[in-house]
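Q: Listed below are the residues making up each chain.
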Amino acid sequence: MVESQQNLDDVVNVVSMQNIVKRFPGVLANDHVNFDLRQGEIHALLGENGAGKSTLMNILSGLYKPEGGVMEVNGKRVTFASPRDAIAAGIGMVYQHFMLVPSHTVTENILLGLNEPRFLMQLKQYDEKIAQLGNRYGLKVDPGAKIWQLSVGEQQRVEILKQLYRGANILILDEPTAVLAPKEIEELFVTLRAMTREGKSIIFISHKLHEVMDISDRVTVMRKGKVTSSGILTKSTDRAGLARLMVGRDVEFTLDKKPVEPGEVVLSVENLQADNDKGLKALRGVDITVRAGEIVGLAGVAGNGQSELADVITGLRCSTGGKIIVQGEDITNKSVRCGIEHGISLIPEDRTSVGTAPNLSMTDNVIMKKYNKSPIGGKWLINTIAADGYARKLKIDYDIMLPNVDTSVRLLSGGNLQKVILAREISSQPLLMIAVQPTRGLDVGAIEGVQRLLLNQRESGAAILLISEELEELLSLSDRIYVIYEGKIMGEVTDGDIDKIGLMMTGMKQSEIEKQGETQNV
Amino acid sequence: MDIILVLAAGIATGTVLLFGTLGGIFSERSGVQNLGVEGMMLFGAMTAYSVTASTKNPWLGLLAGMFAAGLISQVHAFISITLQADQVVSGLSLNFLATGVSLVLGEGLNSIKGVPTLPFYTIPLLSQIPIIGRIFFTNQSVLVYFGYILFPLAWYFINHTRPGMHLRAVGEFPAAADSQGINVFFTRYLYVFIGGLLAGMAGATISLAVSPGWFAEKTSAGQGWIAVGLVIFAQWNPLRAAFGSYIFGTLRRLVLDIQGPNMIFSFPNPFFYNPYLAFFLKMLPYAFTVIVLIIGSHEATRKRIGSPAALGLPYIRGQRGL
Amino acid sequence: MSDMEVNHQEKRRWKFPIHIEERVSEPPRWLSPLLSLLAVIFALLLGAALIAVKGGDPWRAYSHIAKSSFGSLGVFSDTLVKATPLILVGVACSLAFRMKIWNIGAEGQFFVGAFGASAVVLTPLLPLDAPRWQFIIAMALAGMTMGALWGLIPGLLKAKFGVNEIITTLMLNYIAVEWNNYFIYAIWSEGGFQMSRMFQKNAWLPRLTDYSKQFKIFSGLTTHMGLLFAIVVAVVVWFIIFKSKWGYEIRLIGDNPRAANYAGIGIGRNIVLVMMLSGAIAGLAGMSEIAGVVHRLQGAISPGYGFTGIIIAWLAELNPLAVIVVSILFGALILAGREIQPTGVPTMIQGVIMVCLIAARFFLRYQIIIGAREEE
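Protein chains in written order, with numbering that gives the first Met the number 0: chain A, 0 to 521; chain B, 0 to 321; chain C, 0 to 375.
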């Protein structure tokens with residue numbers, strides 16, 4: 000049911016963006032976009048990856064300059080030459096990837112770029128000021144702590160405080176829940192509602208439908224650079240409707256997953272311990288098994304040891320205790336090459352910095368695992384003809400878009416780059432595949448493609464460990480889901496119970512949850 | 000061999016390294032590595048000497064030397080900051096360029112006579128402190144005293160002032176600084192320039208104070224490179240830089256002076272009796288630099304402090320990550 | 000940030016309808032050599048300006064260079080002689096730079112290579128009347144071994160301790176010079192002069208002029224066997240880099256060490272091997288110069304070959320075959336450059352070339368668009 004819109008005379012637009020145009024080389028990111036924000040509302044900006052929502056908000060926050068269009072803040076025309084101007088106009092942006100200097104303290108980060116204190120930095124008084132500000136909004140942090148010591152949720156609080164300290168009345172949050180556990184998301188939403196009661200106006204960028212339905216008053220949907228629906232009341236629509244506006248067609252919410260009988264145990268991790276880059280304990284005794292023909296999901300908020308786990312299993316990081324057993328053989332702390340020869344394959348989290356060599360050709364990138372063996376690798380030399388042929392075949396099989404196999408891969412889009420990596424890894428017919436955030440940053444079409452490939456691998460009998468921050472993805476692909484928290488497995492879920500998973504992600508052990516459940520049933 | 004005189008001379012020589020190292024610290028703290036210090040130092044030395052020879056005014060020479068090196072540093076700044084070229088290669092080419100230009104323009108300078116140096120002073124009260132007074136405050140060039148003031152100021156500036164914090168932010172996480180309205184590019188250009196100024200000052204210290212004259216490449220004899228190594232040893236901290244520079248300076252002097260006397264600490268001086276062993280002595284400063292680097296790198300790995308996180312990476316707005 | 004925004008940069012706004020924006024496809028093949036050529040021309044012009052400033056006559060200087068390097072068979076032969084060590088050092092640097100290992104120590108490796116070759120003759124390690132081919136092999140091996148050692152040290156330090164190889168290789172340059180000096184002055188000094196005795200004829204690399212009886216045309220040509228070594232090494236290294244498994248590993252590590260790690264390639268091991276091979280080749284250059292040209296060990300054996308080699312490697316885009324061509328050009332520059340006043344000009348021109356080269360690379364990643372974009 001559609002509620003009647005408020006009388007136009009009553010509405011106060013704190014922000015009005017009209018006909019915004021923004022181009023990047025090769026792509027029109029914002030195509031005559033209209034957007035407005037009312038006083039005291041939470042307005043969601045919804046769209047899949049690549050729709051142009053971040054671009055639009057980067058224009059509003061002064062990072063980018065539009066080629067065309069007009070912006071008004073509080074009724075006055077504005078042009079922002081740099082983020083400084085936007086900050087002066089009361090607009091503060093909390094980025095998805097935090098803009099915090101890791102080695103500096105909370106206070107130093109909050110004071111960065113300001114004019115006060117002028118020259119000498121006596122931080123004690125500012126520490127107190129910031130602590131007070133934090134308490135006022137329910138955003139508790141220790142002002143003297145260094146950023147690298149804080150959890151992701153705490154870092155986000157610092158980012159928000161940073162903007163509030165500057166007197167921001169308009170807050171833009173870019174995918175704020177990507178790095179939070181369900182409980183922290185609840186806390187964030189409480190904070191946001193408190194801020195609107197104090198008169199702040201909030202723009203909430205997201206691609207997660209249920210959150211948008213949960214928190215926002217109005218929603219604007221973008222698709223491929225255009226607005227498909229501007230400022231509609233959230234109450235007047237539903238998930239399916241929003242999804243259609245986001246993608247342009249009816250979206251299936253479930254994938255076609257065939258039942259497969261799992262085979263024998265391929266990977267067995269026992270009491271694994273490891274440190275992270277800072278020398279702190281990242282894995283405190285992890286136990287996991289993965290069998291052939293199944294996808295085992297690993298749920299958990301980023302930073303709880305997932306990256307380290309993937310690194311240790313593949314040999315990129317040393318363990319400090321425990322065992323890794325692949326098909327019965329103990330390969331703990333053996334080299335990466337040893338892992339590769341045992342059929343372990345990794346789809347890395349970081350496509351450009353780890354998974355590929357950007358300036359080398361596609362051919363050079365796909366033979367990374369095969370260059371040592373025939374037919375591509377001989378005794379000393381590489382058979383370049385065989386290598387090119389192999390690359391061309393993969394290009395066709397996986398439908399990778401690029402002019403020819405000699406092109407440098409840095410020119411590829413994210414989706415195509417991921418396809419190159421998948422093509423390389425899958426065609427080496429791995430026994431065990433570890434996929435870390437395989438669909439991050441991809442558009443819906445590419446996501447479906449990747450998930451399809453993973454399911455195919457499962458049907459062919461591969462053992463797959465899927466590490467992902469997208470709970471929906473884990474639920475639709477995995478046969479079983481482990482939950483990791485602070486380097487330990489909290490429990491294993493086979494029935495897709497989201498609530499249980501959510502609780503485990505915040506640190507409750509499965510045994511405790513079940514006990515609670517029992518006492519409640521009595 | 001009067002050890003006090005050796006140490007005093009060591010402080011003077013160390014001042015050259017100190018300026019070079021401080022310049023490197025400023026530049027690298029902003030995220031730009033400048034390997035052209037040797038060339039800039041040479042260029043500064045040549046310009047300072049040349050201007051002093053023409054105008055007979057060493058202060059003008061000093062300023063000219065500083066400014067010349069600062070100016071030529073901007074070539075590297077433009078190429079590595081705006082054109083986003085690899086900083087290592089850019090720095091190396093600056094080195095070749097600055098060295099080459101110095102040699103060309105400095106042709107014939109060493110034949111000019113009567114070039115004044117910068118004044119030497121003895122500080123009245125302080126020079127009477129036993130031992131320390133004779134080393135640090137007796138008959139040192141004005142630039143040495145300037146060095147004493149500069150390094151603590153530099154330390155304070157970097158760690159306890161607002162512009163210093165901005166500098167550190169730009170070198171650690173330029174995107175954060177950018178998003179808060181700090182102009183990353185301008186900051187980096189500025190500190191590369193300051194690095195150049197200091198390298199030029201180091202050069203002027205050589206040609207107008209410590210070893211007056213112009214001796215083509217032998218004027219700097221690798222001190223610019225030692226300064227680059229010292230930046231790592233100093234862990235980008237001006238206080239440690241001073242420590243390292245003065246020790247190194249003393250070492251260099253020791254190498255020269257040790258060949259003189261026929262007895263050292265009542266043992267026959269091997270270097271006096273076999274002058275050829277001097278060649279091994281000459282290797283010492285360079286070998287020591289390597290050792291210093293090993294210590295510095297090992298410590299950095301152990302303590303998990305490293306270079307400024309964004310060192311060596313060009314900043315591109317809108318790129319994910321740094 | 001989203002998929003599309005990851006690699007894009009804010010477009011610069013200019014007042015005229017000319018923009019610079021990032022390329023979305025590969026630049027045309029001819030662009031890179033063209034840019035290199037333009038860089039060289041620009042550098043020469045700049046050099047001319049500086050010569051003029053100092054009171055010289057640039058056109059005379061340059062035409063003198065052309066004449067005294069390519070003017071006749073005799074001078075061309077001299078050019079090749081100068082090019083020989085350049086090719087070897089250029090190839091040594093290309094190999095190391097492919098892996099982003101900045102071997103600035105080619106000069107020092109050259110020096111100790113010369114030392115090694117001389118040691119064979121002066122110690123003496125072979126009887127004085129041993130056949131020539133024995134001397135050639137022994138000297139070459141000795142030169143390469145010493146060079147490899149000089150490369151091993153910084154290689155190990157980088158692999159084990161992460162020590163910056165630029166400074167260590169550079170420091171070893173200075174140490175190498177003093178090392179040689181010790182032997183020249185103290186041990187092998189001939190009659191109190193600052194050089195060793197002249198090597199006997201069977202320790203000389205054969206030169207074209209040695210065969211002037213069979214081929215009249217070779218009379219007076221000092222091109223020596225080192226050139227053959229140089230070309231063979233260049234071809235072999237070309238093969239290694241582009242056609243061999245090891246070369247693939249090297250290129251992968253150079254482009255993205257983390258990806259190489261992920262592919263299971265051992266980085267530390269390769270750092271050491273590459274530095275050793277690079278050092279060995281530079282050491283061979285030293286041997287070639289000693290046994291083919293100078294025929295004695297002395298202090299002045301290199302007008303900065305090690306550093307020129309770096310620039311040559313860059314100009315040749317790290318391709319060993321291109322290094323051969325570029326080395327000949329630079330050989331000409333060095334040969335004739337000795338006679339140009341002021342003396343620092345060849346160094347300066349090299350510096351300018353390198354700066355221009357690097358600046359020009361910018362246009363491989365960005366392009367100039369003339370004319371305003373149309374609004375849709």
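Just so you know, the hints here were simulated from the structure itself, not pulled from any lab data. Being a predicted model, the structure only gives us computed values, none of them experimental. Just to be clear, a hint being listed does not mean it is correct.
[Stated by the list, open to error] Taking lysine to aspartate or glutamate pairs in the EDC-like style, the calculated list, with each CA pair at most 20 Å apart, reads:
#1 K159(C) x D494(A)
#2 K256(A) x D494(A)
#3 K244(C) x D387(A)
Q: Please go over all the hints and tell whether each is borne out by the structure.
A: Now the hints, each set against the structure:
This hinted pair does not check out: K159(C) and D494(A) have alpha carbons roughly 50 Å apart, beyond 20 Å. The suggested pairing of K256(A) with D494(A) holds, with an alpha-carbon distance near 15 Å, which does not exceed 20 Å. For the given pair, K244(C) sits about 15 Å from D387(A) by alpha-carbon distance, which is consistent with the 20 Å threshold.
Of the numbered hints listed earlier, the single one contradicted by the structure is hint 1.
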